[in-house]
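S.K.: Sequence:
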Amino acid sequence: MNNAELKEFLDIKVIQYNTLDFIDSDPIQIPHLFTLKEDIEIAAFLTATIAWGNRKMIINNSKRMMEMLGNSPYDFIMSHNDSQLDKLDNFVHRTFNSEDFKTFIKALQHIYIKHNGLEMAFAKNQTPLSMQQSIAEFKKLFFEVAHEPRTMKHVSDPMQGSAAKRINMFLRWMVRQDNKGVDFGIWKSISPASLSCPLDVHSGNVARKLGLLTRKQNDGKALAELGSALRKLDANDPVKYDFALFGLGVFEGF
87 MNNAELKEFL DIKVIQYNTL DFIDSDPIQI PHLFTLKEDI EIAAFLTATI AWGNRKMIIN
147 NSKRMMEMLG NSPYDFIMSH NDSQLDKLDN FVHRTFNSED FKTFIKALQH IYIKHNGLEM
207 AFAKNQTPLS MQQSIAEFKK LFFEVAHEPR TMKHVSDPMQ GSAAKRINMF LRWMVRQDNK
267 GVDFGIWKSI SPASLSCPLD VHSGNVARKL GLLTRKQNDG KALAELGSAL RKLDANDPVK
327 YDFALFGLGV FEGF
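To convert a position in the sequence shown, counted from 1, into our numbering, add 86.
You may find that some hints are simply not true.
Pair by pair, the computed Cβ-Cβ distance ranges are [claimed, not checked]:
{"#": "1", "residue 1": "D172", "residue 2": "R236", "range": "18 to 26 Å"}
{"#": "2", "residue 1": "L122", "residue 2": "Q170", "range": "13 to 21 Å"}
{"#": "3", "residue 1": "N89", "residue 2": "N291", "range": "14 to 22 Å"}
{"#": "4", "residue 1": "L106", "residue 2": "K192", "range": "31 to 39 Å"}
{"#": "5", "residue 1": "E91", "residue 2": "R180", "range": "37 to 45 Å"}
{"#": "6", "residue 1": "T105", "residue 2": "N202", "range": "27 to 35 Å"}
{"#": "7", "residue 1": "K266", "residue 2": "R317", "range": "19 to 27 Å"}
{"#": "8", "residue 1": "W138", "residue 2": "K274", "range": "23 to 31 Å"}
Source of the hints: derived by calculation from the structure; they are not laboratory data.
Note that CB positions come from ideal geometry on N, CA and C, so glycine has one too.
Start from the sequences, fold in the hints, and give me the full structure.
M.R.: And the structure:
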């Protein structure tokens, strides 16, 4: 396929998969349980944090997280006490355990009190064509609270070569306005043009088959290469193609 044919093909796949039906099988359904901006973004951030492994397990454990926070995540984060934190003791999702969960609660409170919330914490270091420096700086802000070294692995650092798949997915949810009821578009201080496509096994393999990506590893360099290719197809909304790449990989076995 030439570029025009590739764009036409992927644009059709975006329309096919960027629909409300996508929510039913995707972790994005968790923040869709809420209406308050802060509840949505906290639910999204926590869900994205544990979004690796079996999708059904991700969704079930994310729902459990929300239940443990009284289904009012912002209120819990801002007003919790030590005894309430103790109630999180039994949570575990793969290598993310209750101590990590407690640290994240404290770190999120710190972000809202000291850094004007998640949106402003991510927005302050953005660049026109990338959020990767911003993600790295966010990690520094996030771990200004006391923490175990092991917990830091649950927030990716693009400056260390990571593709930061889960945080880029979270940013897509928050920033991109798709008018389809899937992505929220509630963060207005970051441009969708600055976003990067969440890069995982499925999207990476499809991108390589379509000639959008040549690098074999799914790392930060591959993310930059894919981002450059997708911006040639749509400079204003490059991450809409996440729906096409993911859908082709997961649902069609492309």
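S.K.: With reference to the structure, classify each hint as holding or not holding.
M.R.: So, going through the hints one by one against the coordinates:
1. D172 with R236: 18 to 26 Å: Holds - the Cβ-Cβ distance for D172 and R236, about 20 Å, lies within 18 to 26 Å.
2. L122 with Q170: 13 to 21 Å: Holds, at about 19 Å.
3. N89 with N291: 14 to 22 Å: holds (20 Å)
4. L106 with K192: 31 to 39 Å: holds (35 Å)
5. E91 with R180: 37 to 45 Å: holds (40 Å)
6. T105 with N202: 27 to 35 Å: holds (34 Å)
7. K266 with R317: 19 to 27 Å: Roughly 21 Å apart at Cβ, these two residues keep to the hinted range, so it holds.
8. W138 with K274: 23 to 31 Å: holds (29 Å)
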